Amino acid sequence: MSTMAIDKAGPSRKVKYGSMSRDRTWALRWSYFFLCIFAIFSLVPPIYMLITSLKSSAEISAATNPWWVFHPTLSNYAELLGSNQYLRFFLNSALVSIFVVTITMLISVPAAFALARMKFWGSATLATGVFLTYLIPDTLLFIPLFKMFAVIGDWTGIQLINRWYVLLFIYPTLTVPFCTWIMIGYFASIPKELDEAAIIDGASWFQTLTRIFIPVALPGLIAATIFAFTASWAQFLYPMVFTTSVDQLVLPAGIITTLIKGDVFNWGQIMTGALLGAAPPLIIYAFLMDYYIAGLTAGATKG
Amino acid sequence: MADVAFEQSRIASAGGVRRRTSLHNALKRKSTMAFLMTLPLILLILLLVVYPAFYAVHLATLNKSMARFVGFGNFEFLFKRETFWLVVKQSCIFAISAVFFKALIGFIVAHFVHNVPAKGQRKWRGMLLVPWVIPPAMSTLAWLWLFDPSYSAFNYTLSAFGIGPIPWTGDAGWARFSVILVNIWYGAPFFMIMYLAALKSVPEQLYEAAAIDGANWWQRIWYVTLPMMRNIIAITALFSLIVTFANFDIVRILTSGGPLDHTHIFATWAFRVGIEGSDIPLGASVSLFMVPILAVAAIFILRDVTKRGNEA
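Going down the list, the protein sequences come from chains U and B. Our numbering applies: residue 1 is where the first sequence begins, and numbers increase by one. Our numbering applies: residue 1 is where the second sequence begins, and numbers increase by one.
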């Protein structure tokens with residue numbers, strides 16, 4: 001029966017296959033065409049940053065073709081990397097991000113392990129709560145947090161407002177819920193037999209975590225680390241609210257508040273500063289794209 | 001198994017005093033251990049998220065100097081102000097149109113990436129995700145420079161086609177368009193990645209079956225792709241709705257709410273009123289207006305995520 005049907009369709013099928021493949025080539029050409037358009041749309045701002053950063057102020061104000069550099073110069077880079085102020089922003093950003101990543105991992109990995117494996121009273125509610133906190137945006141909390149830290153400063157005399165390290169308390173509210181959430185997913189996907197075997201061999205819970213779970217869920221851990229780093233590197237609202245002195249600012253807030261002076265915009269320097277500020281996440285992304293994407297897609301799904 | 005553990009703990013604390021043994025046993029107990037492991041997380045959520053959220057409600061009921069309780073005074077004041085209604089309108093326009101176009105562009109681009117041979121997909125995906133990787137504060141500065149009133153590179157290009165200089169951030173209508181455009185540029189890659197992952201999980205047989213039934217490309221998308229991706233489309237859109245509605249960076253840097261407050265959204269206006277204008281209670285009241293829409297979106301996300309979890 002079935003062979004007969006195939007035999008019958010034989011001759012006509014060949015023709016149809018030819019037309020289908022022609023359709024496919026055209027579909028492919030159109031795909032490439034539109035992908036090129038979208039890629040240009042995505043890459044214009046970063047490329048324009050690079051172009052402008054290579055121009056001198058004179059060339060920018062001469063209003064020549066903005067898409068081309070006629071006299072490339074590295075003076076903007078030299079000036080920024082030679083200025084203590086910009087290096088200070090960079091250092092503050094690096095310190096904040098590295099500390100926040102460490103704090104985030106120390107809090108979220110054990111918590112995720114407990115929530116994924118040790119079912120205890122309220123663990124399901126807590127997991128949902130973690131997810132809900134992840135949905136609370138920074139713009140909802142910045143005013144009460146600012147007032148809270150001001151009040152703490154009044155009560156205890158420990159001044160936290162306008163110090164870069166206040167950000168170490170604030171940023172984990174953004175990173176910890178997300179990292180815990182995706183680590184729960186990664187830990188839950190580890191087969192139960194693995195940790196049962198470890199417990200039978202006499203491992204404590206802590207040993208099970210460090211010897212079994214962390215090595216096995218390493219891709220998830222890397223994805224969470226990358227997320228925590230890029231989120232704290234890119235955060236803009238909290239530094240704008242909590243820090244004002246020039247030596248306490250982190251990169252995004254620093255570039256916005258110091259390089260833009262009144263009506264005089266030194267665009268060459270602003271673009272250089274922005275490009276250098278965008279470099280660390282871009283470099284991480286260039287080398288660890290797969291982990292980056294894994295973290296991105298894991299956030300909205302369970303595991 | 002429990003006996004083994006018990007024996008071990010007894011051997012380990014053989015010389016110790018009895019109290020230490022009981023403490024040791026308590027630590028060995030699963031629930032105690034689990035509680036200790038989640039304690040930092042619980043403290044963080046309670047002290048730095050839940051408490052500030054309620055503190056915001058308390059702040060919203062005080063007067064400007066925060067000395068006197070005024071009840072709903074701040075809200076009454078806001079309802080009488082024209083700027084407030086402008087902000088409400090703009091936030092809705094901003095969030096809804098930006099999310100819609102992000103989802104649409106993400107869907108289209110995901111299809112194109114899915115179409116090209118698997119070998120080249122990585123390269124395209126890598127390029128198209130760049131806007132999402134650059135910190136928004138940095139990339140918005142590039143947009144600000146592209147939109148510059150006198151040196152705009154866009155206007156330079158458009159003038160070659162005889163299109164007059166466009167006041168990208170100077171005119172209310174164009175400024176709204178600009179902030180939405182930048183938001184679409186920044187957010188569309190996220191949708192693209194999510195949809196691409198979802199597209200890859202749609203079984204190929206379904207398309208083959210549809211092709212045999214003579215479905216054209218539109219019918220394949222409408223009857224196969226969309227139903228299979230419905231859940232992920234909903235979750236992604238709701239996620240993005242929350243983030244976009246609460247956006248701060250893009251509007252703040254591109255227009256600072258201007259011209260004449262015509263691009264202010266809740267977050268930027270709350271910042272202007274609460275931090276720059278140092279009227280903390282009024283700022284808190286403004287930001288609290290984000291809660292209803294965020295709560296609705298959060299409830300739907302939670303429903304969909306748990307549904308996905310149960311299916312898996």
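Everything labelled a hint here was simulated from the structure, so no lab data went into it. What you are looking at is a predicted structure, and each value in this text was computed from that prediction instead of being measured. Cβ coordinates follow ideal geometry from the N, Cα and C atoms, glycine included. Be aware that a few hints might be false.
[What the hints assert, rightly or not] Derived CB-CB ranges, DEER-like:
hint: 1; chain 1: B; residue 1: E82; chain 2: U; residue 2: W121; range: 50 to 60 Å
hint: 2; chain 1: U; residue 1: Q85; chain 2: B; residue 2: E76; range: 43 to 53 Å
hint: 3; chain 1: B; residue 1: S97; chain 2: U; residue 2: A58; range: 17 to 27 Å
hint: 4; chain 1: U; residue 1: A63; chain 2: B; residue 2: N63; range: 49 to 59 Å
[To be verified] Okay, the calculated bits of chain U under chain B, using three or more residues with CB under 8 Å as the criterion:
hint: 5; segment: 116-124
hint: 6; segment: 175-181
hint: 7; segment: 217-231
hint: 8; segment: 234-240
Here's how the hints hold up against the structure:
1. Checked against the given bound of 50 to 60 Å, the beta carbons of B:E82 and U:W121, roughly 52 Å apart, stay inside it.
2. The hint said 43 to 53 Å for the Cβ distance between U:Q85 and B:E76, and at roughly 45 Å that hint holds.
3. In this structure the supplied range 17 to 27 Å is violated for B:S97 paired with U:A58, their Cβ-Cβ distance being about 40 Å.
4. Between U:A63 and B:N63 the beta carbons are some 51 Å apart, a value that agrees with the proposed interval 49 to 59 Å.
5. Proximity of the segment 116-124 of chain U to chain B, defined as three or more residues with a beta carbon under 8 Å from a beta carbon of that chain, is established by the 4 residues found.
6. For the segment 175-181 of chain U, the proposed coverage by chain B is satisfied: 3 residues have a C-beta within less than 8 Å of a C-beta in that chain, meeting the threshold of three.
7. Only residues whose C-beta sits within less than 8 Å of a C-beta in chain B count toward coverage, and the segment 217-231 of chain U has 1 of them, not enough to reach three; the restraint is violated.
8. Closer than 8 Å: that is the beta-carbon criterion, and the segment 234-240 of chain U has 4 residues meeting it against chain B, so the requirement of 3 holds.
Of the numbered hints given earlier, the model fails hints 3, 7; all others are met.
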